[in-house]
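There are 2 protein chains.
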Amino acid sequence: MKVDEFGLIRRLTGRVPGTAADVRIGIGDDAAAVAFPAGTDVLVSTDTMVGGRHFLPATMGMADIGYKAAVASISDIAAMGGEPRHVLVALGVSQEVGPDELDRVYDGIGDACRAFACAVVGGDVVATDGPLFVNTTVLGWVEAGRAIRRGGAQPGDVVFLTGEVGSAEAGLRDLLQPEMTAVVHPADRADVRQAHQRPTPQVAAGRIFAAEGATSCDDISDGLASELNEIADASGVRIRVDERRIPISTAARNIARQRGEDPLEYAWYGGEDYQLVGTASPFVFARILARCESIGVKVAQIGRVEAGDGVVADRLAGGIDIVLPRGYNHFPTDA
Amino acid sequence: MKVDEFGLIRRLTGRVPGTAADVRIGIGDDAAAVAFPAGTDVLVSTDTMVGGRHFLPATMGMADIGYKAAVASISDIAAMGGEPRHVLVALGVSQEVGPDELDRVYDGIGDACRAFACAVVGGDVVATDGPLFVNTTVLGWVEAGRAIRRGGAQPGDVVFLTGEVGSAEAGLRDLLQPEMTAVVHPADRADVRQAHQRPTPQVAAGRIFAAEGATSCDDISDGLASELNEIADASGVRIRVDERRIPISTAARNIARQRGEDPLEYAWYGGEDYQLVGTASPFVFARILARCESIGVKVAQIGRVEAGDGVVADRLAGGIDIVLPRGYNHFPTDA
Chain U
1 MKVDEFGLIR
11 RLTGRVPGTA
21 ADVRIGIGDD
31 AAAVAFPAGT
41 DVLVSTDTMV
51 GGRHFLPATM
61 GMADIGYKAA
71 VASISDIAAM
81 GGEPRHVLVA
91 LGVSQEVGPD
101 ELDRVYDGIG
111 DACRAFACAV
121 VGGDVVATDG
131 PLFVNTTVLG
141 WVEAGRAIRR
151 GGAQPGDVVF
161 LTGEVGSAEA
171 GLRDLLQPEM
181 TAVVHPADRA
191 DVRQAHQRPT
201 PQVAAGRIFA
211 AEGATSCDDI
221 SDGLASELNE
231 IADASGVRIR
241 VDERRIPIST
251 AARNIARQRG
261 EDPLEYAWYG
271 GEDYQLVGTA
281 SPFVFARILA
291 RCESIGVKVA
301 QIGRVEAGDG
311 VVADRLAGGI
321 DIVLPRGYNH
331 FPTDA
Chain R
1001 MKVDEFGLIR
1011 RLTGRVPGTA
1021 ADVRIGIGDD
1031 AAAVAFPAGT
1041 DVLVSTDTMV
1051 GGRHFLPATM
1061 GMADIGYKAA
1071 VASISDIAAM
1081 GGEPRHVLVA
1091 LGVSQEVGPD
1101 ELDRVYDGIG
1111 DACRAFACAV
1121 VGGDVVATDG
1131 PLFVNTTVLG
1141 WVEAGRAIRR
1151 GGAQPGDVVF
1161 LTGEVGSAEA
1171 GLRDLLQPEM
1181 TAVVHPADRA
1191 DVRQAHQRPT
1201 PQVAAGRIFA
1211 AEGATSCDDI
1221 SDGLASELNE
1231 IADASGVRIR
1241 VDERRIPIST
1251 AARNIARQRG
1261 EDPLEYAWYG
1271 GEDYQLVGTA
1281 SPFVFARILA
1291 RCESIGVKVA
1301 QIGRVEAGDG
1311 VVADRLAGGI
1321 DIVLPRGYNH
1331 FPTDA
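Residue numbers (our numbering), protein chains in the order written: chain U, 1 to 335; chain R, 1001 to 1335.
Honestly, the hints are just simulated from the structure, not real lab data. Treat each hint with caution, since some may be false.
Said to hold, decoys possible - Derived contacts from chain R toward chain U, CB cut-off under 7 angstroms, selection only:
1. Ile1025
2. Ala1031
3. Ser1045
4. Thr1048
5. Thr1128
6. Ala1147
To be verified - For each label pair, taking beta carbons as the anchor points, the in silico distance ranges come out as:
7. U/Pro99 with R/Ala1144: 33 to 41 angstroms
8. U/Gln154 with R/Ala1021: 21 to 29 angstroms
9. U/Thr19 with R/Ala1038: 22 to 30 angstroms
10. U/Pro178 with R/Arg1146: 54 to 62 angstroms
11. U/Arg315 with R/Ser1094: 37 to 45 angstroms
12. U/Gly213 with R/Ala1020: 23 to 31 angstroms
13. U/Glu143 with R/Leu1316: 52 to 60 angstroms
14. R/Arg1053 with U/Ala144: 38 to 46 angstroms
15. R/Thr1250 with U/Glu101: 46 to 54 angstroms
16. R/Thr1250 with U/Thr19: 44 to 52 angstroms
17. U/Arg244 with R/Ala1020: 39 to 47 angstroms
Positions of the beta carbon are idealized from the N, C-alpha and C atoms, including for glycine.
Chain U extracted, bound-state conformation (with noise of 0.2 angstroms):
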């Protein structure tokens, strides 16, 4: 790349939102300055993905790359049942990358803001002789105090799942050997592949869930298995899941069926649905429901919170056993 790192920046930030009502100072200046609603906590995430580790030129185009880079992040402050608000974006760029393609990952990340009502407010763009990596940060505010941890479930209460899970993780699958799922329809596979490139943070969904008050609350990088660990590890609590109430998709189950693999195996270990579990009191629960299924949103009940500690799950074939966290695991132990 022999471009004016300026010029490359004011390119590159002319593809995205940069505005804002509560953007006071934007792109341009040494930091940016953002005015939050008084009575709220400010959130902030950050999230990188690299080139090779992450994603493959075979499973991501440059515009999934961006979006999913900001996705992440967002998701995070979804977590937290907050509100998504300014992204701030650290490109690392190898000589093979040019401009055009570096346009296509702001075209991403504008996308991934524009859906989610993000501006873009800071940006670094450095050369490096190592694979592409993306640095989202995304900032957000929530309620004063409202903010929902991982600790906080209690025996009793009910374990709790947006969406579905398993599409992403079929979706890189069919994407690294489409060959293996020569027979399966063609909306099945836009419909994974969609779920692993371009998922879908549930940021209206965990607004609901900080209003209502739930316990705990994870979004599903790392699977199901890591998250729902985290949550009783962090809570002091047993979770206890019932396999067979797993909401997984037509789509993704077809994928597995094809394949000869088990599509709760992508469930619990695949990550990256981005989709919510969590944990609330039955009451609130129930209020959960109704006001998630007044916007569109599906939410099932998948287990309880007993005392105890760990993960187990009734499994579909019958029998109880421990889950062990092993999802998505940068530096595995026994690699």
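For chain U, the structure is supplied; the task is to place chain R on it using the hints.
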């Protein structure tokens, strides 16, 4: 590296300050939740350093890399007149980097956070096949509407500078070619190396500039020439600098003399001094001068704002020249 990611993050974050009165939820949940004072705007800036581009094994130890990554973002908050509060760190780690070296990076981040009363509230560690990268995002606050922009300089304003410039560039050159300064005093060498490896952002001065109403401010990351051109462009004014008034440290002058170089070149184009350069009316400047003196921070008038455009210098050797913004640029047009 073969360590568990969650275990690694716990190990690293144990090395840095993680709590503060305004941190409601720190590291360990989906996002951090922080409370800012009423009547403030939130400032946020992100900065990325990449191995082989922003640092080399010969110039920066692992702890220096962490320290400098943190202060680069802290300095951006200082340049807006704000109070830095919270730091998020995203690390990209290659196979060759072991846990002990990451400990050192976090030790450096911890040093910076303790020096400037910041808490680390978020982090992300990812694997990369490329060089080490360190991204830092800093949140801070400033009284609502008081952030100092680049674009407010007015003809008649004083142009001023904190501390001394040129030392960081002298330090970098000395680190890269120590044989060229064989007879320099060890104290001078230590001074300029410290300036390169452990620069001090001017947070307290920035707070005074905001309180008193400076009309513009920038931190010197890319060199005086580049920063002053940014202020001139953003403000639609000409900035006229008297070279005789640019404060350059004795140590930097001594290094430059040994190397047969012009210390003014370091000052104009070297960058990374993280001093603040700004503008204010003569009346406001007098107040700034007095208040900075009372806290032991040197501030010098180096020029004037005039009608026109660009940056011009009254040369030490006589004559007037236009000063172009050829500071550090990651993607030079003529590379």
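Okay, the hints, checked on the actual structure:
1. Ile1025: holds, 6 angstroms
2. Ala1031: For R/Ala1031, the interface hint holds, since the closest Cβ of chain U sits about 4 angstroms away, which is under 7 angstroms.
3. Ser1045: holds, 4 angstroms
4. Thr1048: holds, 5 angstroms
5. Thr1128: The hint holds - R/Thr1128 has a Cβ within 7 angstroms of chain U, the shortest such distance being about 5 angstroms.
6. Ala1147: holds, 4 angstroms
7. U/Pro99 with R/Ala1144: 33 to 41 angstroms: holds, 38 angstroms
8. U/Gln154 with R/Ala1021: 21 to 29 angstroms: holds, 28 angstroms
9. U/Thr19 with R/Ala1038: 22 to 30 angstroms: holds, 24 angstroms
10. U/Pro178 with R/Arg1146: 54 to 62 angstroms: The hinted range 54 to 62 angstroms holds for U/Pro178 and R/Arg1146, with Cβ atoms some 56 angstroms apart.
11. U/Arg315 with R/Ser1094: 37 to 45 angstroms: Since U/Arg315 and R/Ser1094 have Cβ atoms about 41 angstroms apart, the given range 37 to 45 angstroms holds.
12. U/Gly213 with R/Ala1020: 23 to 31 angstroms: This hint holds: roughly 27 angstroms between Cβ atoms.
13. U/Glu143 with R/Leu1316: 52 to 60 angstroms: holds, 59 angstroms
14. R/Arg1053 with U/Ala144: 38 to 46 angstroms: holds, 41 angstroms
15. R/Thr1250 with U/Glu101: 46 to 54 angstroms: Check passed, 48 angstroms falls within 46 to 54 angstroms.
16. R/Thr1250 with U/Thr19: 44 to 52 angstroms: holds, 47 angstroms
17. U/Arg244 with R/Ala1020: 39 to 47 angstroms: Since U/Arg244 and R/Ala1020 have Cβ atoms about 46 angstroms apart, the given range 39 to 47 angstroms holds.
In summary, this structure violates none of the numbered hints.
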